[in-house]
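**Q** Sequence:
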Amino acid sequence: MERNAVNQPPKFDGDDFPQWKIMIRNFIYTLDAKAWTIIQIGYKSPVVKSESTSGVRLKSVDLWTVDEQALCNADYVARNALFTALGFAPSCRIYFVG
7 MERNAVNQPP KFDGDDFPQW KIMIRNFIYT LDAKAWTIIQ IGYKSPVVKS
57 ESTSGVRLKS VDLWTVDEQA LCNADYVARN ALFTALGFAP SCRIYFVG
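Counting with my numbering, you get residues 7 to 104 for the letters of the sequence shown.
Mixed in with the good hints, there may be bad ones.
As the list claims (entries may be wrong) - For lysine-lysine, the following BS3-like pairs were computed, each having C-alpha atoms within a straight-line distance of at most 27 Å:
(1) 40 / 55
(2) 40 / 27
(3) 40 / 17
(4) 55 / 17
(5) 17 / 27
(6) 50 / 27
(7) 40 / 50
(8) 50 / 65
(9) 55 / 65
Stated by the list, open to error - For each label pair, taking beta carbons as the anchor points, the in silico distance ranges come out as:
(10) 62 / 32: 31 to 39 Å
(11) 20 / 58: 46 to 54 Å
(12) 21 / 67: 35 to 43 Å
(13) 22 / 90: 37 to 45 Å
(14) 20 / 56: 26 to 34 Å
(15) 55 / 76: 21 to 29 Å
(16) 28 / 60: 26 to 34 Å
(17) 21 / 73: 18 to 26 Å
(18) 58 / 27: 40 to 48 Å
Don't read these hints as lab results, they were simulated from the structure.
Idealized CB from N, CA, C, for every residue including glycine.
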């Protein structure tokens, strides 16, 4: 595992995953505590009940609450940290739902 500057996530080189997991969790948590929660439970885009159908539809971004905006931002913080930590090749195999 490569050592980095304080403002960069720990790089994962394929070795010592348990240690890297602790370090990446701490790194992401210090960026935004909600970002680690997003990694654990996933991110769901805000939805509203659709009046034209019996289902739901995505909520327009301009109608998002402050909390919904914060969760979306936390999702991008988490993704950026993970993509940066993994580098290009492994991140090609990551699939994000949402």
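**Q** Now tell me if each hint is right for this structure.
**A** Results of checking the hints against the structure:
no., hint, in the structure
1, 40 / 55, "25 Å, holds"
2, 40 / 27, "17 Å, holds"
3, 40 / 17, "21 Å, holds"
4, 55 / 17, "42 Å, violated"
5, 17 / 27, "11 Å, holds"
6, 50 / 27, "23 Å, holds"
7, 40 / 50, "13 Å, holds"
8, 50 / 65, "11 Å, holds"
9, 55 / 65, "9 Å, holds"
10, 62 / 32: 31 to 39 Å, "36 Å, holds"
11, 20 / 58: 46 to 54 Å, "50 Å, holds"
12, 21 / 67: 35 to 43 Å, "41 Å, holds"
13, 22 / 90: 37 to 45 Å, "18 Å, violated"
14, 20 / 56: 26 to 34 Å, "45 Å, violated"
15, 55 / 76: 21 to 29 Å, "23 Å, holds"
16, 28 / 60: 26 to 34 Å, "46 Å, violated"
17, 21 / 73: 18 to 26 Å, "39 Å, violated"
18, 58 / 27: 40 to 48 Å, "45 Å, holds"
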